[in-house]
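With the hints as extra help, turn the sequences into a complete structure.
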Amino acid sequence: AQSVTQPDIHITVSEGASLELRCNYSYGATPYLFWYVQSPGQGLQLLLKYFSGDTLVQGIKGFEAEFKRSQSSFNLRKPSVHWSDAAEYFCAVSYSGAGSYQLTFGKGTKLSVIP
Amino acid sequence: EAQVTQNPRYLITVTGKKLTVTCSQNMNHEYMSWYRQDPGLGLRQIYYSMNVEVTDKGDVPEGYKVSRKEKRNFPLILESPSPNQTSLYFCASSDLYQGVKDQFFGPGTRLTVL
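The listed protein sequences correspond, in order, to chains A and B. Under our numbering, the residue at position 114 of the first sequence is numbered 114, and the numbers go up by one with no gaps. Under our numbering, the residue at position 73 of the second sequence is numbered 73, and the numbers go up by one with no gaps.
Possibly wrong hints are sitting among the right ones.
What the hints assert, rightly or not - Below, simulated DSS-like cross-link-like pairs (lysine-lysine); rule was C-alpha separation at most 25 Å, straight line: (1) A/K110 / A/K61; (2) B/K69 / B/K101; (3) B/K57 / B/K18; (4) B/K69 / B/K57; (5) A/K61 / B/K101; (6) B/K101 / A/K68; (7) B/K101 / B/K65; (8) A/K49 / B/K65; (9) B/K57 / B/K17; (10) A/K49 / A/K110; (11) B/K101 / B/K17; (12) B/K101 / A/K107; (13) B/K57 / A/K107; (14) A/K49 / A/K107; (15) A/K110 / A/K68.
Hints in this document: simulated from the structure, not taken from any laboratory.
What follows is the structure, encoded as C-alpha cells:
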C-alpha cells in the first residue's frame, strides 16, 4: 500500500528564517505529489503539485518543493517564513495508471512561527 | 464560483441514529472522495468515486457507506454511528486523467457522536 511519511510532527522557526518540511513517499513508478496547507479551523488549500517535468516546482505564497526520485522525497521549502505561515502542512501522493485512484496523506507537520 | 459544499457543517448526534452528510461540487469533476481528519493521524481516505455508480474503498471504510447517483453529489452515510466516528470530515473533488489530480476540498463537517 502506498504511504507518506512526514517525519517532523512539529517545527518551530523564527520569522524570517528559512523553512524545510520533509516528506517521503513509498515507491511508485510515477507519483503525483502534493503539498496542502491547513490554517487553524480552516479547510485545505493546495500549495503546489508535481506531476512530471521539472523537479523543482513553485507554488503559492512563496513556497517551492523539489522532487527527488532517488530519495523518494518531496520536501517543501520557503526561504523566509512569515508569521502568517503558521499552520499545518500535509504532503500527499497518488499514482498514475489504471487502478491507482487512491490518495494518501501524511500525518502532517505543524509549523509554529516565533515573531 | 467553483466550490465543494458540505452540509451540515456541524452535527451532534447519538449512537445508532442514522445520518447523512451531503457533498456537492459544481466543477463537473469525475473524482470525488471523503476523508476523515483526526489529531495526529492526518487525513485518511474513507471512500472515493471515479464516476457515477463507480465507488471504491479507501483506507478506513468500516462503518460508512457512499453512493454516486449523480456526478455532482457524493453523500456519506453513517448507518449506525458510534463514538469512534467522531471526527472532522472533508469531501473533495478533482479531475481524473491518468490518476488523481489536485483536489478541491469542502469546508469540512465536524461530527460528534455521543
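Evaluation of the provided hints:
1. A/K110 / A/K61: Satisfied, since the Cα-Cα distance of roughly 17 Å is no more than 25 Å.
2. B/K69 / B/K101: Holds, at roughly 22 Å.
3. B/K57 / B/K18: Holds, at roughly 20 Å.
4. B/K69 / B/K57: OK: B/K69 and B/K57 at ~17 Å, within 25 Å.
5. A/K61 / B/K101: Since the Cα atoms of A/K61 and B/K101 sit roughly 20 Å apart, the hinted pair holds (cutoff 25 Å).
6. B/K101 / A/K68: Between B/K101 and A/K68 the Cα gap is close to 19 Å, so the pair holds against 25 Å.
7. B/K101 / B/K65: 24 Å, holds
8. A/K49 / B/K65: 30 Å, violated
9. B/K57 / B/K17: 23 Å, holds
10. A/K49 / A/K110: The given pair, whose Cα atoms are some 20 Å apart, holds under the 25 Å limit.
11. B/K101 / B/K17: Violated - the C-alpha atoms of B/K17 and B/K101 are around 35 Å apart, more than 25 Å.
12. B/K101 / A/K107: Holds, at roughly 20 Å.
13. B/K57 / A/K107: Distance of about 20 Å is within 25 Å: holds.
14. A/K49 / A/K107: Holds, at roughly 18 Å.
15. A/K110 / A/K68: 23 Å, holds
Of the hints listed earlier, those the structure fails to meet are numbers 8, 11, in rising order.
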